[in-house]
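According to the working numbering, the sequence shown is numbered sequentially starting from 3.
What the hints contain is simulated information worked out from the structure, not anything from laboratory work. Only a predicted model underlies this, so the values are computations on that prediction, with no experimental measurement involved. Treat the hints with care, as some may be off.
Stated by the list, open to error - Dumping the calculated DSSO-like pairs for lysine-lysine here, alpha-carbon to alpha-carbon at most 30 Å: (1) K322 / K306; (2) K43 / K134; (3) K126 / K378; (4) K322 / K247; (5) K9 / K406; (6) K166 / K247; (7) K322 / K341; (8) K323 / K299; (9) K18 / K406; (10) K140 / K166; (11) K134 / K217; (12) K406 / K126; (13) K309 / K249; (14) K166 / K406; (15) K201 / K159.
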Amino acid sequence: MSEPLIKPFKGLLYNKDKIDDISSCVCPPYDVISDPEPYYKRSPFNAVHLELPRPGNDLDCYGTARKTLDGWLDEEVLSFDGCESIYIYEQEFIVHGATRRRAGIIPMVRLDRERILTHEETRKKAREDREKLIETLKTFTSLIFAMYEDRTKDIEKLLANAQKELIYDFADEDSIRNRFYRMTDSAEITRLASLIDEKNLYIADGHHRLSVSFKLGLPYVAIYLTDMHSDGIQILPYHRVIRLKEKRSIDGLLSAAENYFEVTRVAYHDAGVLEQLVGEISSSPYLSFLVYFRGEKPSLRLLKQEKEFEFDPGSHDSLKKLKVNALHSGVLKHLLGIKDEEISFLNDPKEAATLVDQGQYDLAVFVPPTSVEEVKAIAENNLYMPPKSTFFYPKLLTGLVFQKYA
Numbered sequence: 003m004s005e006p007l008i009k010p011f012k013g014l015l016y017n018k019d020k021i022d023d024i025s026s027c028v029c030p031p032y033d034v035i036s037d038p039e040p041y042y043k044r045s046p047f048n049a050v051h052l053e054l055p056r057p058g059n060d061l062d063c064y065g066t067a068r069k070t071l072d073g074w075l076d077e078e079v080l081s082f083d084g085c086e087s088i089y090i091y092e093q094e095f096i097v098h099g100a101t102r103r104r105a106g107i108i109p110m111v112r113l114d115r116e117r118i119l120t121h122e123e124t125r126k127k128a129r130e131d132r133e134k135l136i137e138t139l140k141t142f143t144s145l146i147f148a149m150y151e152d153r154t155k156d157i158e159k160l161l162a163n164a165q166k167e168l169i170y171d172f173a174d175e176d177s178i179r180n181r182f183y184r185m186t187d188s189a190e191i192t193r194l195a196s197l198i199d200e201k202n203l204y205i206a207d208g209h210h211r212l213s214v215s216f217k218l219g220l221p222y223v224a225i226y227l228t229d230m231h232s233d234g235i236q237i238l239p240y241h242r243v244i245r246l247k248e249k250r251s252i253d254g255l256l257s258a259a260e261n262y263f264e265v266t267r268v269a270y271h272d273a274g275v276l277e278q279l280v281g282e283i284s285s286s287p288y289l290s291f292l293v294y295f296r297g298e299k300p301s302l303r304l305l306k307q308e309k310e311f312e313f314d315p316g317s318h319d320s321l322k323k324l325k326v327n328a329l330h331s332g333v334l335k336h337l338l339g340i341k342d343e344e345i346s347f348l349n350d351p352k353e354a355a356t357l358v359d360q361g362q363y364d365l366a367v368f369v370p371p372t373s374v375e376e377v378k379a380i381a382e383n384n385l386y387m388p389p390k391s392t393f394f395y396p397k398l399l400t401g402l403v404f405q406k407y408a
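Whenever a hint applies, use it, and build me the whole structure from the sequences.
Structure below.
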């Protein structure tokens, strides 16, 4: 008989006798922290000191993180939970004026390549960074995020009625309400495990940490699991900002797409125009994207596909239908000749436009979001999307629970 897919564990938590305000100790995951300094300053016990450490006087950043973790353990700033638990993490947030709620569980999950399906290829630099950090700490500082299908809502009902103890309840810096519970009843955990045991798990965030987990040969790792059909699943796009190595006219650059796209000049008055158009391309059934650049004044071009074009003849239908793949691999790289090293990624359209205004980038390309059904199809066919195709919002906070494996 195989081991269960999920099981409870004793998480490593902040000690409430030492930490009065958990909100001062949490931070976003490392890959969305553009400036860690505010988190360093917020508290000497902020999780950023482990998640995105700075080098010390005689130590590299990984050694500094290990020294910090050892100190927190010695001082009992962090301590292991007293009982085997499955944790429940709820986030309540507002998107487009509507209040949404996403609830998930955090158990230990058996590492099984046939049951845990991915959609993103890992990048060597990021993978090596996480590997060095995790191996040095023998600890996972931030959570892998995965989804399952709960069409019958049996898991949702079980969690709603389960006995659970509230550990944290606070609003973070983005006004997102975070509630964190422990679930310890053995009968409820057994029932939950039986419901999860028959399901595939689709990775949303944390491909690099998952890759490290497999490489280390760990039998289980802590993963946040939630229902992919919940209205709390919000996938936002990562937009592209481009710094051209060879300076060119942007309109001249875009002319390479005119055989396949209708290119429309859009009057730019203020950021409201940009916000409106980003919303329109997100809901358009057509392959559309928006380009922002500056000449003598801010300029916008709306590109809407009129004719099919072939950029990867051997690709799978799931990839051919994926808008972000057509835009990233087909338009930017194939038609316009933009190289990977010229492309960076941002999820905030206003920030992308601001960086173009400041001259840090030559143009911003705003793309539509990917759907959860597309993520599922890509994963089930063992395919990979282009880098940064999905931004699952909100991100899971780092610091609510750590998993120490040795």
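Evaluation of the provided hints:
1. K322 / K306: 17 Å, holds
2. K43 / K134: 25 Å, holds
3. K126 / K378: Holds - the C-alpha atoms of K378 and K126 are around 24 Å apart, at most 30 Å.
4. K322 / K247: 29 Å, holds
5. K9 / K406: 15 Å, holds
6. K166 / K247: 55 Å, violated
7. K322 / K341: 20 Å, holds
8. K323 / K299: Violated, because 35 Å separates the two Cα atoms, which is more than 30 Å.
9. K18 / K406: 19 Å, holds
10. K140 / K166: Distance of about 29 Å is within 30 Å: holds.
11. K134 / K217: 12 Å, holds
12. K406 / K126: 24 Å, holds
13. K309 / K249: This hinted pair holds, its Cα atoms lying about 28 Å apart.
14. K166 / K406: 23 Å, holds
15. K201 / K159: Given pair K201, K159 holds - Cα atoms ~17 Å apart, limit 30 Å.
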